[in-house]
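2 protein chains.
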Amino acid sequence: MAIRYELQKQCPHTGARAGLLHTPHGTYETPMFMPVGTQATVKTLAPEELKAMGSQVILSNTYHLFLRPGADLVEEAGGLHKFMNWDQAILTDSGGFQVFSLGKLRKITEEGVNFRSHLDGSKKFLSPEVATKVQEQLGSDIMMAFDECIPYPADHRYADASTARTTRWAERCQEVRRSKNQGMFGIVQGGMYKDLRERSAKELVDMDFEGYSIGGLSVGEPHDLMYEVLEYTTPLLPTNKARYLMGVGTADCLVEGVARGVDMFDCVYPTRVARNGMAMTWKGRLNLRNASFMRDWGPIEEGCGCYACQNYSRAYIRHLYKAEEILAFRLVSYHNLYFLLEFMRQMRKAILEDRFVAFREEFWQYFTK
Amino acid sequence: MAIRYELQKQCPHTGARAGLLHTPHGTYETPMFMPVGTQATVKTLAPEELKAMGSQVILSNTYHLFLRPGADLVEEAGGLHKFMNWDQAILTDSGGFQVFSLGKLRKITEEGVNFRSHLDGSKKFLSPEVATKVQEQLGSDIMMAFDECIPYPADHRYADASTARTTRWAERCQEVRRSKNQGMFGIVQGGMYKDLRERSAKELVDMDFEGYSIGGLSVGEPHDLMYEVLEYTTPLLPTNKARYLMGVGTADCLVEGVARGVDMFDCVYPTRVARNGMAMTWKGRLNLRNASFMRDWGPIEEGCGCYACQNYSRAYIRHLYKAEEILAFRLVSYHNLYFLLEFMRQMRKAILEDRFVAFREEFWQYFTK
Numbered sequence: 001m002a003i004r005y006e007l008q009k010q011c012p013h014t015g016a017r018a019g020l021l022h023t024p025h026g027t028y029e030t031p032m033f034m035p036v037g038t039q040a041t042v043k044t045l046a047p048e049e050l051k052a053m054g055s056q057v058i059l060s061n062t063y064h065l066f067l068r069p070g071a072d073l074v075e076e077a078g079g080l081h082k083f084m085n086w087d088q089a090i091l092t093d094s095g096g097f098q099v100f101s102l103g104k105l106r107k108i109t110e111e112g113v114n115f116r117s118h119l120d121g122s123k124k125f126l127s128p129e130v131a132t133k134v135q136e137q138l139g140s141d142i143m144m145a146f147d148e149c150i151p152y153p154a155d156h157r158y159a160d161a162s163t164a165r166t167t168r169w170a171e172r173c174q175e176v177r178r179s180k181n182q183g184m185f186g187i188v189q190g191g192m193y194k195d196l197r198e199r200s201a202k203e204l205v206d207m208d209f210e211g212y213s214i215g216g217l218s219v220g221e222p223h224d225l226m227y228e229v230l231e232y233t234t235p236l237l238p239t240n241k242a243r244y245l246m247g248v249g250t251a252d253c254l255v256e257g258v259a260r261g262v263d264m265f266d267c268v269y270p271t272r273v274a275r276n277g278m279a280m281t282w283k284g285r286l287n288l289r290n291a292s293f294m295r296d297w298g299p300i301e302e303g304c305g306c307y308a309c310q311n312y313s314r315a316y317i318r319h320l321y322k323a324e325e326i327l328a329f330r331l332v333s334y335h336n337l338y339f340l341l342e343f344m345r346q347m348r349k350a351i352l353e354d355r356f357v358a359f360r361e362e363f364w365q366y367f368t369k
Numbered sequence: 001m002a003i004r005y006e007l008q009k010q011c012p013h014t015g016a017r018a019g020l021l022h023t024p025h026g027t028y029e030t031p032m033f034m035p036v037g038t039q040a041t042v043k044t045l046a047p048e049e050l051k052a053m054g055s056q057v058i059l060s061n062t063y064h065l066f067l068r069p070g071a072d073l074v075e076e077a078g079g080l081h082k083f084m085n086w087d088q089a090i091l092t093d094s095g096g097f098q099v100f101s102l103g104k105l106r107k108i109t110e111e112g113v114n115f116r117s118h119l120d121g122s123k124k125f126l127s128p129e130v131a132t133k134v135q136e137q138l139g140s141d142i143m144m145a146f147d148e149c150i151p152y153p154a155d156h157r158y159a160d161a162s163t164a165r166t167t168r169w170a171e172r173c174q175e176v177r178r179s180k181n182q183g184m185f186g187i188v189q190g191g192m193y194k195d196l197r198e199r200s201a202k203e204l205v206d207m208d209f210e211g212y213s214i215g216g217l218s219v220g221e222p223h224d225l226m227y228e229v230l231e232y233t234t235p236l237l238p239t240n241k242a243r244y245l246m247g248v249g250t251a252d253c254l255v256e257g258v259a260r261g262v263d264m265f266d267c268v269y270p271t272r273v274a275r276n277g278m279a280m281t282w283k284g285r286l287n288l289r290n291a292s293f294m295r296d297w298g299p300i301e302e303g304c305g306c307y308a309c310q311n312y313s314r315a316y317i318r319h320l321y322k323a324e325e326i327l328a329f330r331l332v333s334y335h336n337l338y339f340l341l342e343f344m345r346q347m348r349k350a351i352l353e354d355r356f357v358a359f360r361e362e363f364w365q366y367f368t369k
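Chains as they are written, first to last, in the working numbering: chain A, 1 to 369; chain B, 1 to 369.
These aren't lab readings, by the way, just hints derived from the structure by calculation.
Here the structure is a predicted model, which means the values were calculated and not measured.
Wrong hints could be hidden among the right ones.
35 Å max Cα-Cα, derived DSBU-like pairs, lysine-lysine [claimed, not checked]:
#, chain 1, residue 1, chain 2, residue 2
1, A, LYS123, B, LYS107
2, B, LYS283, A, LYS82
3, A, LYS322, B, LYS107
Using the sequences and the hints, build the whole thing.
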């Protein structure tokens, strides 16, 4: 099996667990956060920087690469790893989330989704078969089954029909996949409905994927609702497979996701907000463009071991933002990703040392949303 | 003396020379090209990258830093080196070139230049005294005397008066400078007039600066005219001082400048064109956005030892440009600066090995403007 999850430690008080994810491009520690390289690059950063900060797996987007530069071209390059100069693991999403975000530009049928490219308006088609083929051409280590991400809110009837279709699509993905060097995760949908999540999980587990994603969360619902859905969904999944909560990347959601049994996360949040001047810290966010940092000679966060904090002051970084210099984006993207990776490392350590509950309590003592 | 030039080798057939520049932040090899960090950062790059490519001295702009973040703030940071995390040498210009480029937004008097900030329209004033003070606050290793950069074309009467004023301003700079850890170069002006260049050089040499810049070139005149002016200007300068041709950064001008006795160059060209997709090579420029590179799996330039060429294909870099990803700017900025630095290293080696004439001939055989 291309992808294997190894459970190392289960927290006795919560769902939190520490493990290892074995992939064709190395073994990685969970819980983990995966930086997002939407267009075959993690915005503003080079692969060596991602490695230096301890990034182990990155995510790239099937939808974006399908449209540009195209899966054929990436395949011709020797696959995505070679194309983008990244020799560690890559997870690709299914394209479903982006396609469904297109709104009126797409039309769903049982066969798949017809849509218009956001780049040039040209007609495109994605389906379980196409999404699987594209991901095999990209050569990611972990593929996602093609799914529909149900919007929030959605009524039960819509969620029911959509979830049933996602299951049928998952079957079609399993049928057509050929690559032996790539794992595939099924994506549990079901909206905010427990009965649908249960059905979705059961049906996907029966198909025996190499791991399971929890989709359709972090789509605008309140955090408490997301936590509630997680709470009853992760126990439906096998303990010997990795669980991946898609699109979540703030410290508060990570610690609460881990507490509910999630192993993997991804989000554009840390790099996106970095480009707007926002730094992530253990105490919450800082807007580095603020005048209050004009003569602040300290690092972004005291005690942080990242390249930006080791070498630059808040005052300098604020200057770079005001001067619209790219180095600002680089430094704060670096810091934010380092922060999340370090956060996950410390969380993992706490789980292994049987003190996750204390870690979580201490986190909430200092953190402000 | 804070700055000392050591002549190592004089080409017997041309003006080309190899030497060492001793500064408070290290000893550097000439001829050299200095990357430009206009706003206290070389656009898109980090200091470690500049060091890795062999950059020895960088330039930063007095005008820009004077306006933002302000010299007081940089001084409070401990000087420009500390502010921007660069521990090798820094050269600052005088602010003259930028101020005079403002056109109607500035007014020149004997005292100095009143102008409006291009950032917020506020009234500002630069003079020999202010420019010297600002550069002392920045703490650059090499300061420039405050000068007027004469536009091209300019009639003899205007050039004559302006050049005479630049001399008077240079005297005022010498009078007010206090720092013992910073050298200052006088800037030879005179437009395209031999008699004025001769007078300017003589007057500045009499003031015994630590080095001499040749200003007012690369301002729109034909290359042949620039070469002609250089040809009669550098012999007017002492052989035991460095000569710096301001604002020149293409391979053809560098080799011809060196042939005429220039030791130092700077220009935003390599980083500016990089952001537009233009790569510099030994054969001339390449527009990496071109469709012809879509499936080109070779490096920007075969045989190039730079980070970009060692790790990425033209096809990938083209994809990054099309996708408007910052890594494109980083990779090609890196390549272009590496190219110029390597070009200077090879030129220096040729001078030291008495084969500069052959180097120059071979260069012109392959290079296309």
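A quick look at each hint next to the structure:
{"no.": "1", "hint": "A/LYS123 to B/LYS107", "verdict": "violated, 58 Å"}
{"no.": "2", "hint": "B/LYS283 to A/LYS82", "verdict": "holds, 27 Å"}
{"no.": "3", "hint": "A/LYS322 to B/LYS107", "verdict": "holds, 27 Å"}
When the structure is compared with the earlier hints, a violation turns up for hint 1 alone.
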